[in-house]
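Given these sequences and hints, build the entire structure.
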Amino acid sequence: GGCKKAIIDTSECDNIENQDNQDICYYDIAIPKLDYGFCGKIQDKDMKHQCYDIVYQNIESSINDLAECDKIEDKRVKGECYADVAQLKKDAKICSKILDERWKDICYLFVEKQDISVCDNIKDQRDKAVCYLNVATKKQDLSMCDLIEGQDDIGQDFIVQDHIDRCYITCRQIDFRRT
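For what it's worth, the numbering used here labels the leading residue of the sequence shown as 4, then goes sequentially.
Hints are computed from structural coordinates only; laboratory data are not their basis. Every residue, glycine too, gets a C-beta built ideally from N, C-alpha and C. Keep in mind that the hints are not guaranteed to be accurate.
[What the hints assert, rightly or not] Capping the alpha-carbon separation at 25 Å, the derived lysine to any residue pairs in SDA-like fashion look like this:
| no. | residue 1 | residue 2 |
| --- | --- | --- |
| 1 | Lys78 | Asp123 |
| 2 | Lys78 | Leu37 |
| 3 | Lys93 | Lys141 |
| 4 | Lys131 | Arg105 |
[To be verified] Computed beta-carbon distance windows for the label pairs:
| no. | residue 1 | residue 2 | range |
| --- | --- | --- | --- |
| 5 | Thr13 | Asp165 | 48 to 56 Å |
| 6 | Gln60 | Lys100 | 19 to 27 Å |
| 7 | Asp56 | Lys142 | 35 to 43 Å |
| 8 | Gln128 | Pro35 | 39 to 47 Å |
| 9 | Lys116 | Asp38 | 31 to 39 Å |
| 10 | Ile19 | Asp73 | 37 to 45 Å |
| 11 | Lys141 | Ala70 | 25 to 33 Å |
| 12 | Ile34 | Leu69 | 39 to 47 Å |
| 13 | Asp49 | Asp149 | 41 to 49 Å |
| 14 | Ser14 | Asp73 | 21 to 29 Å |
| 15 | Glu20 | Asp127 | 39 to 47 Å |
| 16 | Asp149 | Arg105 | 24 to 32 Å |
| 17 | Asp31 | Asp149 | 50 to 58 Å |
| 18 | Leu69 | Ile172 | 34 to 42 Å |
So this is what it looks like as structure tokens:
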């Protein structure tokens, strides 16, 4: 026949000598079952990451606690999972558990609630500036817009510039309404 039969029993994979074929076997079980356990058995780094990523993208919307994220071995995907839960629970403390620096910054950006101190945790200068500007925009604080624009290194960044413009526009519209 044209189709290969679905593997249900992992012992079939365990007995495969060739590492690449064994990885593919585990992958072929993990994806339809949406089960991280099998992703963890894959030796090839890229395939393992892809496995965790695909499983996570498919169950992401149903995850609402950290216990689910803890099952993920892949650092980046685990970081994304923590960031999603942090955003859901609006809890910046969760972000500090993230090992992947990029996702840690994104997490703080997700949970910032008009709280400048959350922005201070962000390492990436662009993300930090964007975080400050988000707070400034929400608080309608023009002086904070000025502060970021005055920073030579980051005030010129085009993404930051976009947020600076938004900050000024929002704050000025508020001013117009008041006069």
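Tested hints:
no., hint, verdict
1, Lys78 <-> Asp123, "holds, 23 Å"
2, Lys78 <-> Leu37, "holds, 18 Å"
3, Lys93 <-> Lys141, "holds, 16 Å"
4, Lys131 <-> Arg105, "holds, 12 Å"
5, Thr13 <-> Asp165: 48 to 56 Å, "holds, 49 Å"
6, Gln60 <-> Lys100: 19 to 27 Å, "holds, 21 Å"
7, Asp56 <-> Lys142: 35 to 43 Å, "holds, 36 Å"
8, Gln128 <-> Pro35: 39 to 47 Å, "holds, 43 Å"
9, Lys116 <-> Asp38: 31 to 39 Å, "holds, 35 Å"
10, Ile19 <-> Asp73: 37 to 45 Å, "violated, 29 Å"
11, Lys141 <-> Ala70: 25 to 33 Å, "holds, 32 Å"
12, Ile34 <-> Leu69: 39 to 47 Å, "violated, 24 Å"
13, Asp49 <-> Asp149: 41 to 49 Å, "holds, 45 Å"
14, Ser14 <-> Asp73: 21 to 29 Å, "holds, 26 Å"
15, Glu20 <-> Asp127: 39 to 47 Å, "holds, 45 Å"
16, Asp149 <-> Arg105: 24 to 32 Å, "holds, 29 Å"
17, Asp31 <-> Asp149: 50 to 58 Å, "holds, 56 Å"
18, Leu69 <-> Ile172: 34 to 42 Å, "holds, 38 Å"
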